[in-house]
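Visitor: Guided by the hints, dock chain B onto chain A, whose structure is given.
Protein chains: 2
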Amino acid sequence: MRAADTYGVSDGLPGYLEVAGAVRMGAEPDVAVGPGTVVSMPTGGVLPPGADAVIMVEYTQEAMPGTIEVTRPVAPGEGIVRADEDAVAGAELVPAGRPLRAQDLGMLAAAGVTRVGVHARPRVTAFSTGDEVVPPGTAQLRPGQVRDATASALAALITESGGEAAPGGIIPDDRCALENALRTALGSSDMIVISAGSSVGARDETAAAVARLGPPGIWCHGLAIRPGKPTLLAEAAGVPIIGLPGNPRSALVVFRLIGMPLVRRVGGCTKPPAEPVVRARLERDLASATGRLDVVQVRLRDGLAVPVFGLSALLSILTTADGYVIVPEEATGLDAGTEVDVTLYR
Amino acid sequence: MRAADTYGVSDGLPGYLEVAGAVRMGAEPDVAVGPGTVVSMPTGGVLPPGADAVIMVEYTQEAMPGTIEVTRPVAPGEGIVRADEDAVAGAELVPAGRPLRAQDLGMLAAAGVTRVGVHARPRVTAFSTGDEVVPPGTAQLRPGQVRDATASALAALITESGGEAAPGGIIPDDRCALENALRTALGSSDMIVISAGSSVGARDETAAAVARLGPPGIWCHGLAIRPGKPTLLAEAAGVPIIGLPGNPRSALVVFRLIGMPLVRRVGGCTKPPAEPVVRARLERDLASATGRLDVVQVRLRDGLAVPVFGLSALLSILTTADGYVIVPEEATGLDAGTEVDVTLYR
Numbered sequence: 064m065r066a067a068d069t070y071g072v073s074d075g076l077p078g079y080l081e082v083a084g085a086v087r088m089g090a091e092p093d094v095a096v097g098p099g100t101v102v103s104m105p106t107g108g109v110l111p112p113g114a115d116a117v118i119m120v121e122y123t124q125e126a127m128p129g130t131i132e133v134t135r136p137v138a139p140g141e142g143i144v145r146a147d148e149d150a151v152a153g154a155e156l157v158p159a160g161r162p163l164r165a166q167d168l169g170m171l172a173a174a175g176v177t178r179v180g181v182h183a184r185p186r187v188t189a190f191s192t193g194d195e196v197v198p199p200g201t202a203q204l205r206p207g208q209v210r211d212a213t214a215s216a217l218a219a220l221i222t223e224s225g226g227e228a229a230p231g232g233i234i235p236d237d238r239c240a241l242e243n244a245l246r247t248a249l250g251s252s253d254m255i256v257i258s259a260g261s262s263v264g265a266r267d268e269t270a271a272a273v274a275r276l277g278p279p280g281i282w283c284h285g286l287a288i289r290p291g292k293p294t295l296l297a298e299a300a301g302v303p304i305i306g307l308p309g310n311p312r313s314a315l316v317v318f319r320l321i322g323m324p325l326v327r328r329v330g331g332c333t334k335p336p337a338e339p340v341v342r343a344r345l346e347r348d349l350a351s352a353t354g355r356l357d358v359v360q361v362r363l364r365d366g367l368a369v370p371v372f373g374l375s376a377l378l379s380i381l382t383t384a385d386g387y388v389i390v391p392e393e394a395t396g397l398d399a400g401t402e403v404d405v406t407l408y409r
Numbered sequence: 064m065r066a067a068d069t070y071g072v073s074d075g076l077p078g079y080l081e082v083a084g085a086v087r088m089g090a091e092p093d094v095a096v097g098p099g100t101v102v103s104m105p106t107g108g109v110l111p112p113g114a115d116a117v118i119m120v121e122y123t124q125e126a127m128p129g130t131i132e133v134t135r136p137v138a139p140g141e142g143i144v145r146a147d148e149d150a151v152a153g154a155e156l157v158p159a160g161r162p163l164r165a166q167d168l169g170m171l172a173a174a175g176v177t178r179v180g181v182h183a184r185p186r187v188t189a190f191s192t193g194d195e196v197v198p199p200g201t202a203q204l205r206p207g208q209v210r211d212a213t214a215s216a217l218a219a220l221i222t223e224s225g226g227e228a229a230p231g232g233i234i235p236d237d238r239c240a241l242e243n244a245l246r247t248a249l250g251s252s253d254m255i256v257i258s259a260g261s262s263v264g265a266r267d268e269t270a271a272a273v274a275r276l277g278p279p280g281i282w283c284h285g286l287a288i289r290p291g292k293p294t295l296l297a298e299a300a301g302v303p304i305i306g307l308p309g310n311p312r313s314a315l316v317v318f319r320l321i322g323m324p325l326v327r328r329v330g331g332c333t334k335p336p337a338e339p340v341v342r343a344r345l346e347r348d349l350a351s352a353t354g355r356l357d358v359v360q361v362r363l364r365d366g367l368a369v370p371v372f373g374l375s376a377l378l379s380i381l382t383t384a385d386g387y388v389i390v391p392e393e394a395t396g397l398d399a400g401t402e403v404d405v406t407l408y409r
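Line by line, the protein sequences give chains A and B. Per the numbering used here, the first sequence runs over residues 64 to 409. Per the numbering used here, the second sequence runs over residues 64 to 409.
Only chain A is shown next, with the shape it has when bound in the complex (with noise of 0.2 Å):
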């Protein structure tokens, strides 16, 4: 319509306008709108030529077959989306440096943008180190065997993270070995990750094996955290390299918390999707010694979080776990009823 022909109509004083024709959906309109005259249309109709602004169907009434009544004025530009409304030509779509959300693939799409540059899935090789580390598919066990939990469930989180997990195997405890290893993988990985040995002259071979690959190699090697102190972080050839400590629970507890953010960064993302957390009330006081990093698994009960406690050995203390809280370094421990961030594993 023409907002024109609505100036000054009320209840009292109605307008009467003719309806001159109608649009179709996904066609180029063959009617125009005069004084006087109106034209149908859907929601997301093209307007017709000579409208400026658009009633909607519910806010008119038909007077006799073929004309309208209008009681409420219309102001120009009224129920119209200009077609540069929603991206102006030469507007960002979609910004750099995060995974491409739902919406960014329809905005995509609504642009006609069928093809984009994105960044390659970083491939992580990932080691598992030790004589006494067995296939996971190892029916029977002989004594002093353990089968390897930590490989199945690192591919996870690599995943998880965006990377490409490229299966290491298992490498036992031979100096040669793993330093052979690693040399192979550095030339097709674009990060490297090895849980190692638990045993301490197993963890020294691991950082001796890595130190010798070349600059600028060992960054550094311990970590404030429990658990996880035994965490190795290295370089070489441009590599990031990850020595993980030996028992399943703290790799993964430590990957969560250094790996996935390098995985993330390694493959171009600088903002990094966020955590799921939750706010609980802490069940019980937590201990914590000044200048380390505690990870605490807890369970979700009531609104209150539940600390798990065991071995710190124990896979089961984690697959028990809705999520876990962190005790910071600067804390001596929190006392029972704080209210803290549950970060949930999901």
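What the hints contain is simulated information worked out from the structure, not anything from laboratory work. All C-beta atoms, glycine included, are put in the ideal place defined by N, C-alpha and C. Check the hints yourself; a few may be wrong.
Now the stretches of chain B that chain A is said to cover, found in silico as 3 or more residues with beta-carbon under 8 Å [said to hold, decoys possible]:
| hint | stretch |
| --- | --- |
| 1 | 64-71 |
| 2 | 102-108 |
| 3 | 147-158 |
| 4 | 166-179 |
| 5 | 334-348 |
Guide: Relative to the frame of chain A, chain B by itself:
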């Protein structure tokens, strides 16, 4: 070691024990512990016969070659992890009804479980409707045409919620075409989604086509949500059907609230994963009508949730937002400064 050999030892009265041999990782011990002797072992090694406790090497010192000095008593069982301490035979390793998490895969691997029965991904067929809708790859739009923005965004949300997205294509505004497409899809889908034409007439046609599919038919048509009012919930031949509003933004908002939980539920997930949420203070007043749930997109800036406003149909509201705030049915609005939960888009 035998704990009894350390009873009564102290700094002033050290005990001396002979090292009878060593345990190797991953191998059965070939040496036993007798009175007055110890066996050296790495962390994670198998306890040799005769031993009932382990003392950390850090608490011992070499008195002379082959003999260690102990100044601290050790309790029976100290330093020992029982073989069934992480999971006893017959225990549930991972509960049903939730996605397998990284640590669950680790636990299964540790137990030698390399195959598990899981729920099939529900197959969700998504149709777009409307004479004006053309495929995203259409380079040049004719007047009145829009590219299908909803289909690719919906496919991403279906995948994110554990479903398998089956593209149903674009169905013209034709009574028989939609009904036929729906009938065909019923046989091969666990759930059907229709992003309905945006005009009143097209919405009615969608409802009519769904109603003709048979009992139980339409559960409800219209939800007290904004955006998303014209949502249709139905069921035919045991397949849940959601009719979404025609404009992409409303369709995506409703699908997050209603469609994604339904995909998870159809996929056997009774314990849905938590959404990522952060708390923030509302930057300005939000008005809302009582009895209607409002979904308001926000950006996060310095701990403030800043509403993103614009015409309801604009996808850019979703692409520029960091997440959304829900104004519940019973509220007449939220005041500036209110602490709100922002569910983050990821």
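Visitor: For each hint, tell me whether it holds in the structure or not.
Guide: The hints, checked one at a time:
{"no.": "1", "hint": "64-71", "verdict": "violated (count 0)"}
{"no.": "2", "hint": "102-108", "verdict": "holds (count 4)"}
{"no.": "3", "hint": "147-158", "verdict": "holds (count 5)"}
{"no.": "4", "hint": "166-179", "verdict": "holds (count 12)"}
{"no.": "5", "hint": "334-348", "verdict": "holds (count 7)"}
In this structure, only the earlier hint numbered 1 is contradicted, and the remaining ones agree with it.
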